[in-house]
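**Q** One letter stands for each residue in the lines below.
There are 2 protein chains.
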Amino acid sequence: MDSMSRVERSLAQAIGLAQGSDGPPSLTAAMRYAVIPGGARIRPRLCLAVARACGDDQPALSAAVAASIELLHCASLVHDDLPCFDDAALRRGKPSVHKAYGEQIAVLVGDALIVLGFQSIAVASQVAPQRLAALIAILARSVGAPGGIIAGQAWESEAKISLTEYQKAKTGALFAAATAAGACSAGWDEAPWHALGERIGEAYQIADDIRDVVLSERDLGKPTGRDHVLGRPNAVHKLGIATAVSRLEDLVGSAIESIPKCPGASDLRAHILAEASRLLPRELARPAA
Amino acid sequence: MDSMSRVERSLAQAIGLAQGSDGPPSLTAAMRYAVIPGGARIRPRLCLAVARACGDDQPALSAAVAASIELLHCASLVHDDLPCFDDAALRRGKPSVHKAYGEQIAVLVGDALIVLGFQSIAVASQVAPQRLAALIAILARSVGAPGGIIAGQAWESEAKISLTEYQKAKTGALFAAATAAGACSAGWDEAPWHALGERIGEAYQIADDIRDVVLSERDLGKPTGRDHVLGRPNAVHKLGIATAVSRLEDLVGSAIESIPKCPGASDLRAHILAEASRLLPRELARPAA
Numbered sequence: 001m002d003s004m005s006r007v008e009r010s011l012a013q014a015i016g017l018a019q020g021s022d023g024p025p026s027l028t029a030a031m032r033y034a035v036i037p038g039g040a041r042i043r044p045r046l047c048l049a050v051a052r053a054c055g056d057d058q059p060a061l062s063a064a065v066a067a068s069i070e071l072l073h074c075a076s077l078v079h080d081d082l083p084c085f086d087d088a089a090l091r092r093g094k095p096s097v098h099k100a101y102g103e104q105i106a107v108l109v110g111d112a113l114i115v116l117g118f119q120s121i122a123v124a125s126q127v128a129p130q131r132l133a134a135l136i137a138i139l140a141r142s143v144g145a146p147g148g149i150i151a152g153q154a155w156e157s158e159a160k161i162s163l164t165e166y167q168k169a170k171t172g173a174l175f176a177a178a179t180a181a182g183a184c185s186a187g188w189d190e191a192p193w194h195a196l197g198e199r200i201g202e203a204y205q206i207a208d209d210i211r212d213v214v215l216s217e218r219d220l221g222k223p224t225g226r227d228h229v230l231g232r233p234n235a236v237h238k239l240g241i242a243t244a245v246s247r248l249e250d251l252v253g254s255a256i257e258s259i260p261k262c263p264g265a266s267d268l269r270a271h272i273l274a275e276a277s278r279l280l281p282r283e284l285a286r287p288a289a
Numbered sequence: 290m291d292s293m294s295r296v297e298r299s300l301a302q303a304i305g306l307a308q309g310s311d312g313p314p315s316l317t318a319a320m321r322y323a324v325i326p327g328g329a330r331i332r333p334r335l336c337l338a339v340a341r342a343c344g345d346d347q348p349a350l351s352a353a354v355a356a357s358i359e360l361l362h363c364a365s366l367v368h369d370d371l372p373c374f375d376d377a378a379l380r381r382g383k384p385s386v387h388k389a390y391g392e393q394i395a396v397l398v399g400d401a402l403i404v405l406g407f408q409s410i411a412v413a414s415q416v417a418p419q420r421l422a423a424l425i426a427i428l429a430r431s432v433g434a435p436g437g438i439i440a441g442q443a444w445e446s447e448a449k450i451s452l453t454e455y456q457k458a459k460t461g462a463l464f465a466a467a468t469a470a471g472a473c474s475a476g477w478d479e480a481p482w483h484a485l486g487e488r489i490g491e492a493y494q495i496a497d498d499i500r501d502v503v504l505s506e507r508d509l510g511k512p513t514g515r516d517h518v519l520g521r522p523n524a525v526h527k528l529g530i531a532t533a534v535s536r537l538e539d540l541v542g543s544a545i546e547s548i549p550k551c552p553g554a555s556d557l558r559a560h561i562l563a564e565a566s567r568l569l570p571r572e573l574a575r576p577a578a
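Those protein sequence lines, which keep their order, are chains L and D. If you count by our numbering, then the first sequence holds residues 1 to 289, one letter each, in order. If you count by our numbering, then the second sequence holds residues 290 to 578, one letter each, in order.
Next up, chain L with everything else stripped away, as it sits in the complex (with noise of 0.2 Å):
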């Protein structure tokens, strides 16, 4: 099964496990819209390509790592997105979860993701408890506070805010997660692991800069110059275009020189080559070295 499939396979578990006859049908339904279909899946296929990297030894305990990666991320979005921050209305091509079902449950489908990411991997771990310890640890602070994409989103009702931190907190704490969770899975130290997703994340960061300030919303799915709009910090305003896309393209190139010694290296790599490749807009990507 190609990652794509076992992502989504994994995410529709989950989702299941919040299901219930017995639920409130709107949460339930607006847990399931907020997840599915998704985007890219960029975290969670990377998460599984780095378990595939270390021996993806226990399967179905990578995929409900990788999937809970997902959940966190869509609950980050459903809350950025609430009148209170962004108000976005449009979010992967269609009304955001607070235009769709009204702000109350925006916010407590936010909540119910974030502890569905937890107690799907909780389930999952029954085939290596010994590893749920640790990978509880690491997504939790990947999203919580001081320094995961809470954090981030916080750092936005700060007078004074610190960039790195922002841009670190918001954006890479998450990818980070993905490279680490993804080793642990497959029972490996996740140390060595931190700098693959952070490098990546800085990169992904970069591109979505250059994604708000070029394509437009049809190709989006989303409202973009938003950054603009909200005066957040943007690369391409900082750097011009030219400069933004060849630190992307540095960033990718030292996220891969940063991989662990391990027995799917070279996959990884092409892994990583391939979706670099898709992050640009089209007019904008040379070919992968």
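No lab work stands behind these hints: they were computed from the structure. One thing to keep in mind: the hints can contain errors.
Stated by the list, open to error - Below, computed lysine-lysine pairings styled on DSS-like, alpha-carbon distance capped at 25 Å: (1) D:Lys449 <-> L:Lys99; (2) D:Lys449 <-> D:Lys388; (3) L:Lys99 <-> L:Lys160; (4) D:Lys388 <-> L:Lys160.
Could you slot chain D onto chain L? The hints should help.
**A** Relative to chain L, chain D alone:
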């Protein structure tokens, strides 16, 4: 150390995990504000009372589990107080989190406290890693969809509400988690301990309804008469005060009868009776049987 001190110490340790010199200052300050000082800490003290009744062989773990239950409870209070729900200005005798720190930070504080609830158990579980998966599963079910406190809150957004499911989820679920996780943290099978928590939760819900009708805002530290204003079901409106009080007493008796066989059953019984006597406004309380 008495159970209140154990809860407070464990909460302070958990909050410490979320602090860091590189985190966004408002978020970390507001997380502490939402948790400390607290209320009566009924749920975490119940959790510890059950752990003690079961021998409490890993007191660092049971204390962390008790704190997690309180963190998840505080998260739900912060989100329930938001403008899109109750729009409550006061909580525990001081401005609610969104009044003190703004709506954005309040959304993120709730999110980050949910994450911290799972993280702090994972960190404490190294003394008994084989208990972690069950503990995470108990907490997740009691908080998430379809039957946890988030689902309970979501029932308020439904046109057609199932009153039983609503109250079971909104209040009962976390009490049931307190007793089940208390037993599980001491290495006992959780299953026989759910009924105790569910009955205490139901008693607590009725006591809360009575206080909402009878007490003044100054006594309670939060607005009263809110059920009437918000059109929420309230046992006193439905049954009258005398029947509600007698129903509460029946539930406490039935909770005590449900205590499974365990070494510390008589102390646990005394704990529950003492707690029950504190639930009612003084003028309504009868001496405990």
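**Q** Hint by hint, note whether the structure agrees.
**A** Hints, verified against the model:
no.	hint	verdict
1	D:Lys449 <-> L:Lys99	holds (21 Å)
2	D:Lys449 <-> D:Lys388	violated (31 Å)
3	L:Lys99 <-> L:Lys160	violated (31 Å)
4	D:Lys388 <-> L:Lys160	holds (21 Å)
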